[in-house]
Structures are given as structure tokens and as C-alpha cells.
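Novice: Protein sequence lines correspond, in order, to chains A and B. In this text, residue positions in the first sequence follow our numbering: the first is 780, and each later residue adds one. In this text, residue positions in the second sequence follow our numbering: the first is 158, and each later residue adds one.
In short, the hints are calculated from the structure, not lab data. Glycine included, each C-beta is placed from N, C-alpha and C at the ideal position. Do not rely on the hints blindly, as some may be mistaken.
Said to hold, decoys possible - Distance condition first, Cα-Cα at most 30 Å in a straight line; then the derived DSSO-like pairs of lysine-lysine:
(1) A/K866 - B/K266
(2) B/K266 - A/K822
(3) B/K212 - B/K266
(4) B/K212 - B/K236
(5) A/K822 - B/K270
Unchecked claim - Covered by chain B, per the in silico footprint, the following chain A stretches (three or more residues, Cβ under 8 Å):
(6) 819-830
(7) 872-886
(8) 889-899
To be verified - Residues of chain B placed beyond 10 Å of chain A at every Cβ, according to the derived structure:
(9) A176
(10) S183
(11) Q184
(12) H188
(13) T193
(14) R207
(15) S214
(16) N215
(17) S227
(18) G230
(19) S238
(20) E243
(21) T254
(22) Q263
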Amino acid sequence: QVHLVESGGGVVQPGGSLTLSCAASGFTFGRYGMHWFRQAPGKGLEWVAFIWSLGDGHFYADSVKGRFTISRDNSRNTLWLQMNSLKPEDTAVYYCVKGSTGTTDPFDYWGQGILVTVSS
Amino acid sequence: DVVMTQSPLSLPVTLGQPASISCRSSQSLVHSDGNTYLNWFHQRPGQSPRRLIYKVSNRDSGVPDRFSGSGSGTDFTLKISRVEAEDVGVYYCMQGTHWPPWTFGQGTKVEIK
Chain A
780 QVHLVESGGG
790 VVQPGGSLTL
800 SCAASGFTFG
810 RYGMHWFRQA
820 PGKGLEWVAF
830 IWSLGDGHFY
840 ADSVKGRFTI
850 SRDNSRNTLW
860 LQMNSLKPED
870 TAVYYCVKGS
880 TGTTDPFDYW
890 GQGILVTVSS
Chain B
158 DVVMTQSPLS
168 LPVTLGQPAS
178 ISCRSSQSLV
188 HSDGNTYLNW
198 FHQRPGQSPR
208 RLIYKVSNRD
218 SGVPDRFSGS
228 GSGTDFTLKI
238 SRVEAEDVGV
248 YYCMQGTHWP
258 PWTFGQGTKV
268 EIK
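Please build the complete structure, drawing on both the sequences and the hints.
Specialist: So, in C-alpha cells, the structure goes:
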């Protein structure tokens, strides 16, 4: 059974940093691209970042480019999102989401989400 | 970026009656591989999104057959044949053809009258 468990959220001041983790289990983690999505309070869903299965490439939403870094360790079945220079508009629930192997259909499993609040 | 536009944004429905949500994209979602990567998600209050439909019309495992997806090119529809109480929440369409970024519609809130 696939499980994605996020951790590391909390309250941080504007300009601060935070690193989210996602522990994956129940599938061959190293074969799948992985995503982070987010949802601001009362708002819709927004894609944040993607990393290829081997960690050899990534993409970012324009809203976080240059401030966020996605990374992974396939030996530990773990995904991270390092968030720097945080802004109040980064306040959201962040979701770790299973991607594709290239031949499978992505977004079939989502974590429970973790709240990040950027406030002074 | 591909803009996804859903309508309506709010949908009051009567239990047992059908419901339909429209999703339009700013450009064709037909990929060069011939597939159309249009997904539908359902999010209940306080829960994570759940994928219902992938590639326009393929239902995920465990999704009741009262849910169906259709469409092509730039126009897509999610239909619920007979709404049940558990179907309340927000429905999102999302395109996975022209990425990055992967983009969502604004969401359609379904509630029981």
C-alpha cells in the first residue's frame, strides 16, 4: 500500500527557511518522478516542483523559482523541499505527490499534506 | 502556460440527480504521443485531493461508475450520473500535456441542496 508522509511544516517568519520531508513507502520510489503541490488557505491547487526519478533534473513553478529546491534520496525513499526566502504568500498546505515512471499515469497518490505558515 | 477554466464554480445538486462540470483549456491537450493528459480530482473538506479520472475518461480503481469523464481537444466534462452525499467537495481538472507547469482549473464546489 502506497504511503506518502510529509513532515517539517510549521510557522516561520518572512525571509526565513524551512525544509519539508516526504517519506515514501509501498512502491519502488526510485522509479518514479515526484512532485510537490500546495494549496493556500481557501484556495485552489498549485503545482510547485518536480524531480525526475534519478534526481537528475527538476522543474519549478515561477512563483518559487530561485527560492525552493527539490531533492531526493532514493536509498532512503525520501523527498525534500527546501524553502528559502519565504514570503507570506507561500503559506499553504504542501502535498507530496507520486509522479510517473514515464509509462504510468501520475498523481494517483497524495500525502496527507503539511501546513506551512509564513507570518511575523 | 495552459489556462484551465472550469464552470460552474459552484454547483448545488439534489441527491440522486445528475451533475456535470465543464473544463476548458486554452490550447489543445492532445500530446504528440496521441494521448490527452486531462485529469479530474475530488477533494473533500479537510482531505487531500484524490484522482478520479486520468487521460480524460479512465476511472481510477475504487471510483464508482456513476463518475464519467469525456471530451477532447480543449473541452472536457466530468459527469456524476446520480449524486450521493459523499460526492460533496471540490472538483478540479488538471492538464498534464504541456508541462511544466502542470495547471489546474479553479475548482468547482459541489454541495447538496
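Novice: Work down the list of hints and note, for each, if the structure agrees.
Specialist: Now for the hints, and whether the structure bears them out:
For the suggested pair A/K866 and B/K266, the alpha carbons sit about 28 Å apart, so the restraint of at most 30 Å is met. About 12 Å separates the Cα atoms of B/K266 and A/K822, which keeps this hinted pair within 30 Å; it holds. With a C-alpha separation of about 22 Å, the suggested pair B/K212 and B/K266 falls inside the 30 Å cut-off, and the hint holds. A distance of roughly 15 Å separates the Cα atoms of B/K212 and B/K236; the hinted pair therefore holds under the 30 Å criterion.
For the hint pairing A/K822 with B/K270, the CA-to-CA distance comes to about 23 Å; that is within 30 Å, so the pair holds. Look at the stretch 819-830 of chain A against chain B: 5 of its residues bring a Cβ nearer than 8 Å to a Cβ of that chain, three or more, so the hint holds. For a cut-off of 8 Å, the count of residues in the stretch 872-886 of chain A with a CB near a CB of chain B stands at 4, and the three-residue condition holds. For a cut-off of 8 Å, the count of residues in the stretch 889-899 of chain A with a CB near a CB of chain B stands at 4, and the three-residue condition holds.
With a closest Cβ-Cβ approach of about 19 Å to chain A, B/A176 is found to remain outside the 10 Å limit, as its non-interface label requires. Non-interface status of B/S183 relative to chain A is upheld: no Cβ of that chain comes within 10 Å, the nearest being about 16 Å off. Non-interface call for B/Q184 relative to chain A: holds, since the shortest CB-CB distance, roughly 17 Å, exceeds 10 Å. No beta-carbon of chain A comes within 10 Å of the beta-carbon of B/H188; the shortest separation is about 13 Å.
Even its closest Cβ contact with chain A, about 12 Å, leaves B/T193 beyond 10 Å, as expected for a residue assigned away from the interface. Non-interface status of B/R207 relative to chain A is broken: a Cβ of that chain comes within 10 Å, the nearest being about 7 Å off. Every CB of chain A lies more than 10 Å from the CB of B/S214, the least distance being 12 Å, so the non-interface label holds. Against chain A, the non-interface label of B/N215 is violated: not every CB pair exceeds 10 Å, the least being about 8 Å.
At the 10 Å boundary, the C-beta of B/S227 stays outside the reach of chain A, the nearest C-beta of that chain being 17 Å off. No Cβ of chain A approaches the Cβ of B/G230 within 10 Å, the least distance being about 20 Å, so the stated non-interface status holds. A cut-off of 10 Å between C-beta atoms confirms that B/S238 is not in contact with chain A; the least separation is 23 Å. At roughly 18 Å, the least C-beta separation between B/E243 and chain A is larger than 10 Å, which holds for a residue marked as non-interface.
With a closest Cβ-Cβ approach of about 12 Å to chain A, B/T254 is found to remain outside the 10 Å limit, as its non-interface label requires. With 10 Å as the threshold on Cβ separation, the claim that B/Q263 sits away from chain A is violated: the shortest Cβ distance comes to roughly 6 Å.
Consistency note: the structure conflicts with the earlier hints numbered 14, 16 and 22.
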